[in-house]
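**Student:** Below are the chains, spelled out letter by letter.
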Amino acid sequence: MRRYKVITTVLLSAVLSWVLLLLNMDALGLDAKAQEVVEILPLWALITLGCHALFSIGSSLATFNDVPHEVDALHEDILRVKAALQSKGVPLE
Amino acid sequence: KGSPRGARGAQGGGRGQGGPGVAMALAEKLLGSLLILASVGIFVYYSVWVLVLPFVDEDIPRLRSLFPPRVYAIAIPAVLLVLFLSAVSIFIGVTVVRTQRKRKAA
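Those protein sequence lines, which keep their order, are chains A and B. The first sequence lines up with residues 9 to 101 when you count with my numbering. The second sequence lines up with residues 2 to 107 when you count with my numbering.
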């Protein structure tokens, strides 16, 4: 719960500060180029979020460690349990 | 952070029987690295395009030539978003209709 609170606070303050910046750009004396940048910040943030998501997926994929030994051990366990249950009369496929 | 892992410390949940063979594992790693490269590349390119270029005053033709006009920095994501959201909505709609039809038939 605490983590969501932090995320919401950060998100809300970011949105608020951006809106304030947007409404007071001229008063703060920003030149045309800086104003362009301010206007496009939310879209940039969205794309950055997408890139971060893509990056996490890629890194998890690349570092996922298979455990082939465990796969075989598990398979043996399954066969053993099936045999034991079937001998006790449990209907299995 | 996160629950304690098992003795093997396998990343992510354990797979059921018949996990991918060695060849598939390699393909996964390749896809993973490809995604990583793509994500970093897109991030750097888009950030330079949108945040850095406006401030590069001197018309260095070399730098400018790498990037389309700034409108496209807004147009392309907008079009992609519309396409993606439409695809998701269509999928949801089709699934709902299909389940309703199944319920009526049953």
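You may find that some hints are simply not true.
[Claimed, not checked] Partial list, derived from the structure: chain A residues whose beta carbon lies under 10 Å from chain B:
#1 K41
#2 A61
#3 A70
None of these hints come from the bench; they were simulated from the model. Positions of the beta carbon are idealized from the N, C-alpha and C atoms, including for glycine.
**Student:** Please go over all the hints and tell whether each is borne out by the structure.
**Tutor:** Now the hints, each set against the structure:
no. : hint : in the structure
1   : K41  : 4 Å, holds
2   : A61  : 8 Å, holds
3   : A70  : 3 Å, holds
In the structure shown, no violation is registered for any of the earlier numbered hints.
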